[in-house]
Amino acid sequence: MALEDKENIIDQPEVLRHKMVTIEIAGKKYEVPEGITIIKALWYSGQEVVRGAGCLGGFCGACAAYYRTKDDPKVRTCLACQMAVQDGMSITMMPPFPARKATYDIQTLKDPKQDLFNLYPEAPLCRNCNACTEACPQKIDVREGVWKAVFGDFKSVSEMFMDCVMCGMCTPVCIADIAPNLVALYVSRAQGAHFTEKPLGLDTRIKEIQDGRFNDEWAKILKMSEKELADHCATVK
Amino acid sequence: MDIHALQQIVHQTRDARRKQTLPKFSPADRDQLIHKYHPDFRERAYRPIRFGPNAGDKTVVELATLLEGDSPIADGFDLTPDYTTDVLVVGGGGAGCAAALHARAAGAKVILATKLRLGDSNSVMAQGGMQISVAPEDSPVTHFLDTLKGGHMQNDHQLLKVMVEEGPSIAKWLLGLGVLFDRDGDGNLHVKKGGGSSKPRLLTCSDYTGLEIMRVLKDEVLNQNIQLLEFCAAVELTSDEKGNCSGAIFKDLDNHRDVVVAAKSVILATGGIGRLHIQGFPTSNHYGATGDGLCLAYRLGAKLMHIDTFQYHPTGAVYPEQLIGALVTEGIRSEGGHLVNAKGERFVNELDTRDVVSSSIIRECEEGRGIRTMSGRIGVWLDTPLLDVAQGPGTMEKHFPAMMLQFERFGIDISKDPVLIYPTLHYQNGGVKIDTNSETDVKNLFVAGEASGGLHGRNRLMGNSLLDLMVFGKRSGLTAAARAASMPQGKLTVGHLKGFRSEAKKHGSASGVVSPMILPPYTRKE
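Same order as they appear, the protein sequences are chains F and B.
When we follow our numbering, the leftmost residue of the first sequence carries the number 7, and every step to the right adds one.
When we follow our numbering, the leftmost residue of the second sequence carries the number 288, and every step to the right adds one.
Hints were generated in silico from the structure; no laboratory data involved.
The reader is advised that the hints may include incorrect statements.
[As the list claims (entries may be wrong)] In silico lysine to aspartate or glutamate, DMTMM-like type, Cα no more than 20 Å apart, as pairs:
id, chain 1, residue 1, chain 2, residue 2
1, B, K448, F, E234
2, B, K459, F, E203
3, B, K459, F, E30
4, F, K34, B, E813
5, B, K630, F, E203
6, B, K448, F, E232
7, F, K233, B, D316
8, F, K204, B, D473
9, B, K459, F, E214
10, F, K204, B, D471
11, B, K812, F, E54
12, F, K107, B, E517
13, F, K243, B, E622
14, F, K204, B, D469
15, F, K226, B, E452
16, B, K448, F, E54
17, F, K213, B, E349
18, F, K161, B, D473
19, B, K311, F, D237
20, F, K213, B, E424
[Stated by the list, open to error] Covered stretches of chain F, as calculated for chain B (at least 3 residues, CB under 8 Å):
id, region
21, 55-67
22, 107-120
23, 222-233
If you're wondering where the values come from, they're calculated on a predicted model, not measured in any experiment.
Virtual Cβ for every residue (Gly too), placed ideally from N, Cα, C.
When you get a sec, could you build the whole thing from the sequences and use the hints?
Listed below in structure tokens is the structure:
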């Protein structure tokens with residue numbers, strides 16, 4: 007590394023003054039470096055992680071966890087691969103929760119908005135406690151989404167839940183036994199399969215391929231020598 | 288210095304940079320840059336594989352060691368099947384789900400086994416989109432040529448032709464399942480321009496394309512009642528008397544028992560190798576990306592190809608420490624985000640191919656124009672605030688909600704402050720050699736998705752992975768299902784290990800490790 011220019015170095019106080027903090031994992035105390043993610047803290051404290059880690063990038067929802075910071079009574083939720091530990095933090099990984107998923111054939115539904123009430127009859131029983139919204143680590147207004155689903159505004163639900171990583175933290179807190187993430191998934195799929203315009207350009211392209219519109223071009227290209235092909239590629243801008 | 292002080296140069300030079308257009312490198316300059324700076328050309332990171340189907344071929348030391356690794360299965364292992372099926376899919380990401388769904392739809396009995404949960408994969412993290420030539424001014428042929436150019440002309444033409452031609456029907460299948468691709472005002476699919484592509488061709492679901500597709504496919508796997516074996520890691524394949532594949536042996540990671548599955552066909556959809564951290568690189572890959580499928584297929588005699596080439600995604604996060612290696616989506620560069628060195632200068636056309644952009648970032652850093660962190664990392668800036676400046680406030684939030692949220696968790700607003708990035712190990716360009724039905728040199732053994740090789744040549748084009756998964760997942764699933772009705776279940780043996788072990792012995796018992804790795808050894812031992 008040729009760079010000796012001290013000007014272009016970012017301060018990282020946490021790296022300079024490497025500090026250990028005490029955290030509690032499932033009720034047991036461990037000393038771990040401050041600022042590492044909860045998943046890394048599990049590894050650091052010697053635990054083999056099989057359940058509770060997935061993409062490690064905040065997208066798969068495998069590492070849903072509960073945590074509480076020092077002296078704060080509020081228990082919060084997070085994705086453990088995306089949350090840094092701090093002194094006095096208490097953490098427990100969320101166990102898999104046995105929520106009921108309805109099964110359906112999305113393509114043959116006759117009346118998807120009405121079918122919602124057959125597939126998830128508990129959906130309209132929301133008692134507005136808002137616990138699901140508070141539990142969502144993706145900051146989705148889950149309660150609002152459940153109501154919109156019930157009122158048939160499938161489009162809004164599909165937009166609101168695009169961030170949903172299916173961690174399922176909205177489910178154990180629901181006093182009406184709704185699994186909002188599963189309801190939203192059904193609603194989003196129904197929106198896509200039944201209430202979204204068919205893209206005409208796509209059908210045109212599929213037909214063009216079936217009808218062999220590109221066959222001459224293919225024949226020409228696949229006959230080319232390596233050199234000819236490379237030259238031809240260079241002309242594509 | 289304080290990070291905000293260092294970021295000032297990015298803000299100060301923005302207006303001037305916006306007036307600039309940077310040409311792409313000439314082919315000769317590209318080659319020179321890549322040979323000098325791309326990690327694929329670091330000789331000392333490579334060694335020849337000593338035996339097996341690719342004896343003498345070079346690959347990175349980390350992978351060679353695992354390929355030469357011994358099987359955990361001893362002679363005399365009890366191979367009485369616990370389950371019997373037509374099609375056994377190993378891996379629960381995009382390719383695995385697609386394979387399972389198509390095989391099931393064709394009437395086969397399917398088991399899907401995965402070492403983590405259904406859906407835990409790289410697919411779920413794909414943000415950039417999926418390349419399919421749907422626009423009127425585009426065509427499958429242009430898609431073919433762009434990909435070939437990006438792959439340094441090394442792509443298997445037949446595989447590639449199949450992929451680009453089947454793309455549009457894949458889009459239709461996904462739409463029918465309810466995937467919400469972004470649309471234009473007229474209802475047509477919205478397409479974005481991706482690095483290395485001559486036409487806008489990326490279908491997207493904001494920056495959650497992989498997540499949206501995987502949510503739907505997972506749900507569909509459950510709706511179709513496909514039998515799942517979760518937390519079951521494949522540790523060996525079985526072969527019949529002729530050496531054809533006939534099933535697999537798993538380790539149940541919950542109770543540590545062995546599970547034997549007899550299958551008429553096996554589809555390996557086990558993904559890539561990011562968690563091997565080759566050459567010490569951080570990775571954007573998921574927890575299970577340890578190349579297990581490569582080891583299993585290799586021991587059974589399947590040939591690998593292009594396993595000396597890997598993709599380093601240009602923009603992996605370097606700061607904050609918690610996000611190291613995490614991807615900052617290419618979509619930001621597609622929408623005009625600049626790469627900026629410590630002097631406030633652009634140094635590459637941001638929409639060049641991934642290998643070129645990564646090499647140029649490494650060049651800037653090695654020649655002293657990088658920004659360092661106190662934890663010893665180095666990077667350059669990605670000017671994310673530029674998007675709001677150019678396209679109006681709220682653009683970042685609207686187009687890249689996933690990215691915004693990821694940094695917001697650490698108190699960073701990337702619509703206001705640029706992000707420090709450096710290439711991160713992202714993708715295995717090569718893998719197990721397959722034919723157009725996704726079958727390997729070993730009969731009844733299929734490989735689909737990142738674990739396969741040939742399609743992408745020596746550099747995968749952005750957005751081609753999601754399509755690869757869907758097309759070859761489908762082809763493997765349909766071929767395996769079609770074969771099931773007319774064939775008997777082969778005998779289960781581990782006869783192939785005899786030959787493999789004697790070869791290993793000839794070469795000094797090879798690497799002395801047991802493979803596959805299953806999960807990276809991150810747990811601290813004291």
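Quick one, are B:K448 and F:E232 close enough, alpha carbons at most 20 Å? Holds - the C-alpha atoms of F:E232 and B:K448 are around 16 Å apart, at most 20 Å.
Hint check: B:K448 vs F:E54, CA-CA at most 20 Å. Holds or violated? violated (44 Å)
Just to make sure I understand the rule, a stretch counts as covered if three or more of its residues have a C-beta closer than 8 Å to a C-beta of the chain. Does the region 107-120 of chain F meet that for chain B? It holds: at least three residues are needed, and the region 107-120 of chain F offers 6 whose Cβ sits within less than 8 Å of chain B.
Within 20 Å, alpha carbon to alpha carbon, are F:K233 and B:D316? Holds: F:K233 and B:D316 sit about 18 Å apart, inside 20 Å.
Could you grab the alpha-carbon distance between F:K204 and B:D473 and see if it respects the 20 Å cut-off? It holds: about 10 Å lies between the C-alpha atoms, which stays within 20 Å.
Do the alpha carbons of B:K630 and F:E203 lie within 20 Å of each other, as the hint requires? Violated. B:K630 to F:E203 sits at ~48 Å, over the 20 Å cutoff.
Pairwise hint evaluation, B:E517 against F:K107, where the allowed Cα distance is 20 Å at most: Judged against 20 Å, a Cα distance of about 17 Å means the pair holds.
Going straight from one Cα to the other, do B:K459 and F:E203 come out at no more than 20 Å? holds (12 Å)
Straight-line alpha-carbon gap B:K459 to F:E30, limit 20 Å: violated (49 Å)
Compare the distance between the alpha carbons of B:K448 and F:E234 with 20 Å, and conclude whether the hinted pair is satisfied. This hinted pair holds, its Cα atoms lying about 18 Å apart.
Assess, step by step, whether the Cα of B:K812 is no farther than 20 Å from the Cα of F:E54, and give holds or violated. Status holds; Cα separation ~10 Å.
For a C-alpha distance cap of 20 Å, please report whether B:K459 and F:E214 respect it. holds (14 Å)
Hint check: violations occur at hints 3, 5, 16, 17; the rest are consistent with the structure.
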